[in-house]
Amino acid sequence: MKKLLKDPFLHFILIGVILFALFRLVNQTTETKNTIVINDFDIENIISTWEMQWKRPPTEQEIQNLINVNLKQEIFYQEALKMNLDHNDEIIKRRLSQKMQFLSNDIAAMIKPTDADLEDYIQKNKEKYLTPYSYSLYQIIFSPDKRDNNLKDATDVLNLNKNTSFEEMKSKGDALPFNYHFTNINADELALQFGTQFSEALVNQELNNWVGPIPSGFGYHLVFITQKTKPELPKLEDIRKEITRDYEYDYQKELNESIYQELKKQYDIRIDIKSPDFDPEFVKYLQEKLNN
Amino acid sequence: MLICFIFTNCKNDNKSIPDKTGPNQNTELKVERTAGYNEFKNPYFGQTHQHTGWSFDEAFYNVKLGPENSYRHARGEKVKHPSGYDVQLKLPLDFMVVSDHSEYLGVLIQMYDPNNPLSKNPLAKQLIDSGDDITKSTKGFYGLVTKTIQPDGTTKPDSTLNTIEIRTSAWDKYVKITDDFYEPGKFTTLVGYEWSSQPNMSNLHRNVIFRSSKNLPLPFSYFDSEKPEDLWKWMDSQRDSGIELLAIPHNGNLSNGLMFALQDSYGNPLSIEYAKTRMRNEKLTEIIQTKGQSETHPLMAPNDEFAYDFELWTKPVAGPGTVKVLETNYVRNAFKNGLKLEQDLGVNPFKYGVVGGGDIHTSIVSHEEYQHTGEHNLKSGTPEERLLQNLPGEPSKIEQGSAGLSCVWAEENTRESIYDAMERKETWATSGSRITVRIFGGYDFGTTQPGDSNWAEIGYANGVPMGADMNSNSGNKTPQFMVWALKGPNSGNLDRIQIIKGWVDTNGESHEKIYNVAWSDNRVLDAKGKLPAVGNTVDIPNATYTNTIGSPELKTVWEDPDFDASQPAFYYVRVLEIPTPRWSTYDAKALGIDPPKDFPATIQERAWSSPIWYNPN
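Protein sequence lines, in the order shown, are assigned to chains X and G.
All residue numbers for the first sequence refer to the working numbering, where the first residue is 12 and numbers rise by one.
All residue numbers for the second sequence refer to the working numbering, where the first residue is 20 and numbers rise by one.
Just to be clear, a hint being listed does not mean it is correct.
[Unchecked claim] Calculated cross-link-like contacts (lysine to any residue; reagent style SDA-like; alpha-carbon spacing at most 25 Å): (1) X:110 <-> G:205; (2) G:166 <-> X:104; (3) X:66 <-> G:144; (4) X:264 <-> G:149; (5) X:66 <-> G:136; (6) G:109 <-> X:243; (7) G:97 <-> X:244; (8) G:99 <-> G:408; (9) X:104 <-> G:158; (10) X:264 <-> G:134; (11) G:144 <-> X:107; (12) G:166 <-> X:61; (13) X:110 <-> G:150; (14) G:205 <-> X:302; (15) G:547 <-> G:201; (16) G:166 <-> G:176; (17) G:99 <-> X:61.
[What the hints assert, rightly or not] Residues from chain X that keep clear of chain G, each with C-beta distances beyond 12 Å, as calculated: (18) 76; (19) 78; (20) 175; (21) 200; (22) 229; (23) 264; (24) 265; (25) 277; (26) 280; (27) 284; (28) 295.
[Claimed, not checked] Going by beta-carbon spacing under 8 Å, a handful of chain X positions derived as facing chain G: (29) 63; (30) 66; (31) 93; (32) 106; (33) 143; (34) 203; (35) 256.
Hints in this document: simulated from the structure, not taken from any laboratory.
Backbone N, C-alpha and C fix where the C-beta goes; we use that ideal spot for every residue, glycine too.
Start from the sequences and build out the full structure, keeping to the hints where you can.
Below you can see the structure in the form of structure tokens.
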């Protein structure tokens with residue numbers, strides 16, 4: 012039951028039913044006798060719209076004019092509805108469909124995520140919240156700017172120096188303004204210095220050996236990784252602000268889409284294109300695509 | 020040698036050091052430092068000029084994306100461009116200022132919400148009806164602009180869109196979103212907005228940035244006054260009540276001579292009061308952004324070979340016509356005039372640091388040539404719109420550039436640290452790539468070379484960084500400059516480092532000279548100091564290049580060979596990359612057409628440091 016209560020589509024349908032019932036209730040008389048009631052709500056609306064534009068309340072004469080204008084609009088509107096003139100009007104379509112979308116936004120705003128929702132969200136979006144890999148490593152660079160064949164030089168140094176000390180290895184590469192030794196630097200920070208290609212290449216390198224050559228924006232690197240920390244999922248408490256912000260943002264987007272998909276299920280969508288300009292295969296393809 | 024001097028991984032012992040520069044920093048207070056804290060400062064790359072659908076002019080172009088989309092994009096997430104496709108940065112930015120126009124800020128976009136009372140405003144119909152129709156959108160935009168801006172350059176805002184309630188609710192919402200995305204140590208958001216004064220289409224725009232998000236006033240807008248003097252008066256009053264804020268003027272190139280004019284807005288000659296007020300409130304200026312560079316113009320600097328064919332914008336900020344090319348449009352001339360004015364007034368009114376801006380309106384940063392997504396939705400959101408769509412009477416699209424970047428040397432990635440770096444002008448600008456630049460000026464750096472493990476420490480101890488002043492030395496010694504530049508990890512190699520000097524001689528005449536100080540590929544200077552071109556590896560049809568020319572890093576210690584201790588001077592650094600494809604060349608490739616003729620297919624991306632000023636005394 013709790014699950015049901017939280018189902019946004021159900022909310023959407025419920026709100027629809029309630030709106031419809033209210034509409035029936037309010038409009039009971041209009042259906043039979045063509046009555047138009049102008050009540051407190053209407054008059055307030057008329058006045059506040061006027062005030063928004065003119066920065067003062069309307070006079071009695073002006074109120075009377077406004078009611079007349081609105082009455083005329085309402086009668087034409089009612090008659091236009093009866094004649095189905097609202098159908099296939101591009102602007103009315105766009106506006107009404109926007110209203111439906113905003114309805115779902117309102118529902119999204121109403122539903123506050125529980126901790127369980129947030130935990131679930133983290134699990135579903137693991138990739139996004141995993142801490143980056145973190146490394147302690149030594150690196151030297153072979154710059155194309157300083158050598159004729161920096162790839163060959165890097166490979167040669169690698170092959171000849173399997174057991175060279177760190178102290179000695181330091182001078183084998185070229186002087187560029189980067190650390191020789193990094194302690195606990197994460198992959199994102201490495202990417203900002205050497206580029207994404209370099210930081211991503213580290214993931215599959217073996218530990219405690221000189222490896223490479225690994226390319227970066229600055230040349231070829233030889234790398235000795237002493238420690239690698241795998242990505243971890245942070246605890247909810249540590250990223251609550253970020254998670255709540257992202258959850259609400261995504262929820263609103265997804266709700267919009269899922270309500271659309273739910274509603275779409277209730278329609279049978281048929282492609283009835285007979286024009287010889289279109290390949291029948293394409294029409295078939297459209298038919299399949301649109302029903303998914 | 021353990022090299023540890025530029026990047027955030029430098030481990031510090033978090034010792035409490037006195038902050039010499041930051042205003043309102045009480046050294047008695049125990050301040051909590053973030054993990055990346057470095058007392059000798061880290062380079063941070065960011066954007067100080069970003070618009071979203073919350074700007075009235077972009078809401079008309081069917082942009083329903085706000086500050087949230089900009090923050091997500093800048094911090095590296097995959098987001099939607101308003102035209103519907105996905106965009107993601109290869110490398111995230113460190114900080115971001117969403118600076119939507121203060122006029123109708125966040126108002127028009129609310130009209131898209133049928134439940135919002137603003138959807139009943141007469142303008143809403145026009146906004147919603149125009150949809151993706153560029154002609155209707157443009158008509159709606161100019162309709163509101165002409166209704167709002169009066170023939171005399173003052174404004175008459177639509178009162179239904181400008182009530183205190185509407186303004187407050189939009190501003191509060193913006194500040195809250197900005198706070199939500201602030202992650203000290205990782206990603207900094209600063210609250211800001213754009214004061215959009217442009218009497219008679221002369222661009223006087225300023226971005227106003229706040230140090231904190233607490234107790235902020237509603238923005239002072241073009242609706243309050245079109246005169247910068249009034250903006251500064253308001254800023255002064257805010258500062259008196261404890262709010263810290265600074266303004267960044269931009270697009271001097273589109274100001275028809277007004278941005279760095281030698282008179283005030285009332286036509287009076289500049290006074291010492293004017294100079295002091297201006298410099299109290301304005302610390303930085305944009306040297307480049309999507310609507311062109313404002314460093315200089317070939318007409319002002321005929322001997323500057325790199326002023327030609329580089330991001331020159333010739334149209335007004337909006338609408339048809341051309342803009343006047345005047346000396347007082349350009350930053351380098353303002354620096355020179357500033358030295359002269361300082362001799363008369365005692366205060367230099369144009370002592371600006373530099374940043375790069377975006378001014379991109381789509382909520383997408385768009386500083387990468389290979390991924391430029393246009394300045395405005397519908398007008399330039401796709402390759403077709405940028406290269407093939409012809410909109411008569413509209414600003415040029417081929418002349419628009421990708422965004423510039425604002426870069427700072429700061430202790431850590433926090434609001435306070437980044438704001439304070441801007442306040443002391445320890446900033447540099449790039450045309451979009453991630454070039455890192457550093458300079459120290461002094462008289463005794465000993466044997467220290469830029470790039471040494473302790474060079475920043477020596478630089479600060481025995482000299483001054485970019486954006487600062489140096490005074491004459493007792494023995495009238497010639498100043499030394501330690502200069503260093505590193506290319507971005509995904510960018511082209513570096514061609515050269517130049518130092519651009521301006522000075523005033525004994526007759527009160529100002530001069531400028533460009534020195535090549537470090538360069539790649541063992542080239543040789545000719546007798547006139549000219550350096551042969553670095554070459555060009557760009558394959559135009561395929562929009563590719565190779566880093567087989569140029570250097571990843573350039574550095575030197577330079578002494579001014581023409582130094583005269585009695586002449587006031589400024590020195591700023593300009594770093595050039597090798598030629599790479601311009602965005603229009605990537606677009607042409609995507610469309611399978613030739614890049615537009617009569618416009619450069621390649622670009623030499625560049626960086627500019629804030630100057631160091633030398634004062635004889």
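What hints, given by number in increasing order, does this structure fail?
Going through the list in order, the structure violates hints 1, 2, 14, 15, 17, 21, 22, 23, 31 and 33 and respects the others.
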